[in-house]
Amino acid sequence: MDPVLTSTLADIVRNAAPLLIASQGELITERAGVVNLSLDGTILLAAMAAFAVTYNTGSLGMGIAVAMLIGMLVALIVISASVFLKLNQIAVGFVLTLLCADLSTFFGRKYSGQQGTEIPYTPIPILENIPVMGEVFFQHNILIYFSLLLVIFVWLWTYHTRLGLSLRGLGEHPAAAYVRGTRVQLWRFVYVAAGGALVGLAGASYSLSVKLGWREGSTLGNGWIALAIVIFGGWRPFRIAFGAYFIVGLRALALYFQQEDVLNLPIQIINMTPWVLMLVTLIFVTSGLAESLLVLVPPRWRPAAQNLLRAKPPAALGSNFERS
Amino acid sequence: MRLEIHNISKSFGPLKANDHISFTFEGGRIYAILGENGAGKSTLMKILSGYQSASSGQIIIDGKSAQINSPHHAIAHGIGMLYQDPLDFAPLTVLENYIEGKPFNFLMRRREAEADLLARCKILGFNLNPHAMVESLTVGERQQLEIVRLLSLGVSILILDEPTTGISAEQKSQLFQTLKNLAREQNMIVILVSHKLADVEELCDEVLVLRRGKLVGHRFLPCETEILVEMMFGKRLSQTSPQPLYTNKPILKIHKLSIPARLFTIQNINLEVREGEVIGLAGLDGSGQVEFMRVIAGIGRPTWADQLTAMIALAGMWWVFGKILDESSAVLNLARIAILILILGPMLKTLYLYIRQRANNAQNAQIMLNGKNIGWRGYRDLLERGIAYLAAGRLEEGLVAGLTLVDHSALAERSSLPHVNWVRAWHRTKQAITDFSIKGRPFSQIQTLSGGNQQRVSLSLLPANLRLILLENPTRGLDVESAGHIWSLLLNRRKKGTAIIFSSPDLDEIIDYSDRILVFSSGQTTLVENPEQMTTARLGELIGGKS
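Protein sequence lines, in the order shown, are assigned to chains A and B.
Sequential numbering from 1 applies to the first sequence in this note's numbering.
Sequential numbering from 1 applies to the second sequence in this note's numbering.
Simulated DEER-style distance windows between Cβ atoms:
no.	chain 1	residue 1	chain 2	residue 2	range
1	B	N127	A	S292	23 to 33 Å
2	B	I60	A	F84	28 to 38 Å
3	B	N69	A	L85	18 to 28 Å
4	B	Q447	A	L293	38 to 48 Å
5	B	K64	A	I283	56 to 66 Å
6	A	H160	B	E396	34 to 44 Å
7	B	I341	A	T161	34 to 44 Å
Partner residues aside, some chain B positions facing chain A, computed with beta carbon under 7 Å:
no.	residue
8	P71
9	H72
10	L87
11	D88
12	F89
13	E96
14	E100
15	G101
16	N105
17	F106
18	M108
Don't read these hints as lab results, they were simulated from the structure.
Just so you know, even glycine gets a beta-carbon here, dropped at the ideal spot from N, CA and C.
Based on the sequences and whatever the hints tell you, model everything.
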C-alpha cells in the first residue's frame with residue numbers, strides 16, 4: 001500500500017482521538033437525557049489546565065487527572081442547575097461554554113507558547129509489525145489506543161449490559177425507567193459526570209499530544225464539532241466514531257488540496273465541505289428519503305438497515321425528570 | 001391474596017385527592033374503580049403502585065404492613081400497574097423492554113429472556129415479536145407486553161388504568177379474557193380503573209365508586225347502570241338518543257376519493273353528507289378515518305398554494321442555474337447545485353407529493369362543498385367556507401398550552417387589523433364561559449383545565465356558521481357527564497344545518513349519535529344507513545371485515 005496513504009490514515013486516527021473521546025462522552029451524557037452544551041469551552045479549559053499542571057508539576061498523569069476533573073465539574077454544574085434549580089440545560093451549557101473559554105484565556109496567558117511535555121510514543125509490540133494496520137492503529141501513544149478502545153467499550157456497555165439498557169431507557173422515557181426501579185437522578189449524575197470526565201480527557205489529549213502545547217483558543221470549535229458528530233452519528237457509538245474519522249479525514253484532504261493546489265478552488269470552499277456533507281446526510285436521514293429508499297434493501301435486512309439509519313435523539317433529551 | 005388499605009389520604013395543597021379511603025380487596029376477584037374525572041381514582045392507584053406516596057394511611061398485604069415508597073417496592077410486594085399510556089421505551093425492541101426492570105444481571109442474557117418471554121406469551125395467548133420495535137406496536141400490543149412483563153416479575157395484584165382507551169374491540173375482548181383467567185386461575189387481584197360503564201359491567205365482580213376523593217359506594221355486579229351513574233355523579237343522567245335533524249340537501253359530496261392511510265390505501269370513497277347530518281366513522285385505529293377527515297379539511301395534502309411554491313422553486317432553480325453554471329470549475333458548480341437542492345429540496349418534495357396524489361386520484365376524484373370543488377384548497381381557506389376540524393390531541397394540535405382562554409379567543413378571531421382587540425377577546429371569552437359552561441377563568445392557562453373543559457373551549461372557538469365540523473374522537477378521555485355535555489353542544493349546532501363527521505374508538509358512541517356510519521376496514525369503506533338497527537357486535541364484525 002502507498003506509504004503516503006498509510007501515514008495519512010495513521011494521522012487521521014491520531015488527530016481524531018480527542019474528537020472521538022469527547023463525542024463518546026457527550027454520547028453517554030445525551031443517552032442519559034442530558035445535554036451538556038459546554039463542550040467547546042470545557043475542552044479549551046481542560047486543555048489549558050492539563051498543559052499548565054503538567055508544565056508545573058512535570059507529571060503527565062496529574063495533568064490528565066486535573067483535566068478530567070474540570071470536565072466532570074462543568075458537567076456536574078449543568079445537571080445540578082437542571083435538577084436543583086430547574087434551569088434550562090441548553091442555556092446553562094451555553095453560558096458555561098463562554099465562561100470556560102474566557103477562563104482558559106485568563107489562566108493560560110503565561111503558558112501560551114511554552115514548550116511542554118508530550119505523552120510518550122508507545123508502539124504496541126508485535127501488533128505494530130502488521131503491515132498497514134500496524135502503522136495506522138498500533139504506533140501511537142496510550143491516549144490514542146484509549147480512544148479506540150473507548151468506542152468498543154461504550155458500544156458493549158450500551159448495547160450488551162443491563163446498565164447500558166437502563167442508560168438507554170433513561171434518556172428515552174425517564175418515567176418508564178423509574179417504574180422499572182432505575183434511580184433516575186442518581187444515574188443521570190453518574191453518566192453526566194463520566195461523560196464530562198471524557199470531555200476533559202479530550203482537552204488533555206489536545207494539549208499533551210495532538211496539538212502539543214497551549215495558546216489562546218487553540219482548540220476553539222472542536223467542541224461544537226464533537227456535538228455535531230453526536231447528532232450526525234445518530235447517538236450510536238460506531239456511527240459517531242465514523243463521523244469523527246470522516247470529519248478529520250475531510251480536513252486532511254482539505255489540507256492536501258491546499259498544499260498541492262490541484263483544484264482551482266478557494267480554500268474556504270474545501271473547508272466548508274465537511275459541514276455541507278453533514279447537512280446533506282442529516283437531511284437524507286431525517287427527511288424520510290432514506291426510509292423510502294429502504295424498499296431497495298432485501299426485506300430480511302430491512303429492520304437492520306432501518307436501525308442503522310435512525311437519527312432520532314433520545315426522546316427525553318434536555319428534559320428534567322420529576323415524578324408528579 | 002388479600003390487600004387492605006386503611007385510611008389512605010393524599011392532599012395536593014388544599015385539594016384532597018384521596019380522603020380516608022379504606023377497603024379490602026380479595027384474591028380471585030376483579031374490581032372496578034369508577035368515578036368522574038378528578039374523583040381521585042388515578043391518585044389512589046398511583047399510591048398503591050408506589051408512583052406517589054400517600055400523605056397518611058396504611059397498606060396491608062396478606063396481613064403484613066407494606067411500606068411502598070417507589071414502583072420498585074410495589075413490585076417487590078407484588079403490586080404492578082399498567083398505566084393508561086403504557087410506560088415503555090418506544091425505540092427499544094420488545095425484548096429489551098421486557099428485560100429492563102428484571103432483577104439485575106450484569107449482562108443482558110437476551111437468549112434466556114427471549115425464551116422466557118415467548119413461553120409466557122404462549123401461555124397467555126399473546127403474539128408478540130421479541131425483535132419488533134415497541135414504537136411499531138399498537139397500544140393493545142404494548143399493554144400485552146406490559147402485562148407479560150409484570151407477571152414475569154411475580155406480580156399478583158394487577159392494576160389497570162383505563163386499559164380500553166385506544167385498543168380495538170378484538171384486543172379488548174382478548175384483554176378481558178386474559179384478566180378473567182388471571183383472577184380465576186391464579187387467584188390474582190385485578191383492579192380496573194375506568195369510566196366506561198359498559199367495560200366495567202362486562203368484566204368486573206365488584207365496583208367501588210369514588211367521588212371527590214371519598215369512597216362513596218361499593219356494589220356487587222351485576223347491578224343497575226342507573227345506580228352506578230347516580231353514585232358517580234350524584235344525579236341521574238337521562239340518556240336519550242338524539243332526534244335526527246337532517247334535511248335532504250347535500251352539502252358535501254365525495255366522489256371516488258382515494259386516500260393513503262397508515263396501513264392501507266383506502267380506495268374509492270363515495271359519500272354525500274346532508275345538512276344537519278351526523279356521520280360516524282368506525283374502524284380500527286389507523287384505518288384511515290383520521291386521514292379521511294384531514295383530507296376533507298384540507299390538512300396534510302398539497303393545496304394550490306403548495307403547488308405555487310413548488311413552481312416558483314422550479315423556476316427559481318432554472319434561473320439561478322443559468323446565472324451560475326457558465327463559470328470556471330466543474331466542482332464549484334457541483335457544490336452550488338448541491339446547496340441549491342438543499343434549500344429548494346422541501347419544495348420539490350411538495351411537488352413530488354402533488355404528482356403522487358394526482359396519480360392516486362386519477363379518475364376525477366372530487367370533494368365538492370355546495371357544488372364547488374374544494375379538493376385543492378387549504379384549511380385556512382376552507383375554514384372561511386365553513387369546514388372546521390378538531391384533532392383528538394387537544395393540547396398537541398388544537399389548543400396552545402401556556403396560553404390563556406383570552407389568548408385563544410384572540411387567536412381565533414379572524415381580523416385583518418394588525419393589532420389585537422383584547423377587550424373584545426375578553427368579552428368573547430366571558431360569553432363563551434357562560435354559554436358553554438366552561439369551568440375556568442378567562443385568564444386560566446388552558447392546560448390547567450380538565451379535558452372536558454378544554455374540549456368545550458375548543459368548541460367555543462369554532463366560528464358560528466359552519467357547514468361541516470370534523471371531529472377526531474371528540475370525547476377522548478372524558479367521563480360520561482362531560483361527554484354528554486360535549487355532545488349536546490355539538491348536536492345543537494345541527495339546528496343551523498351544520499353537518500358533523502366524527503371518528504371514535506367507542507362503538508356505542510358511534511351507534512348512539514350517528515345518522516349514518518361509514519365503516520373503514522382494510523382499505524374498504526362500507527356505509528351503514530340505519531345505525532338504530534345496529535348492535536356493537538355487528539359493527540365490530542364489519543370493522544373486522546366480515547360482511
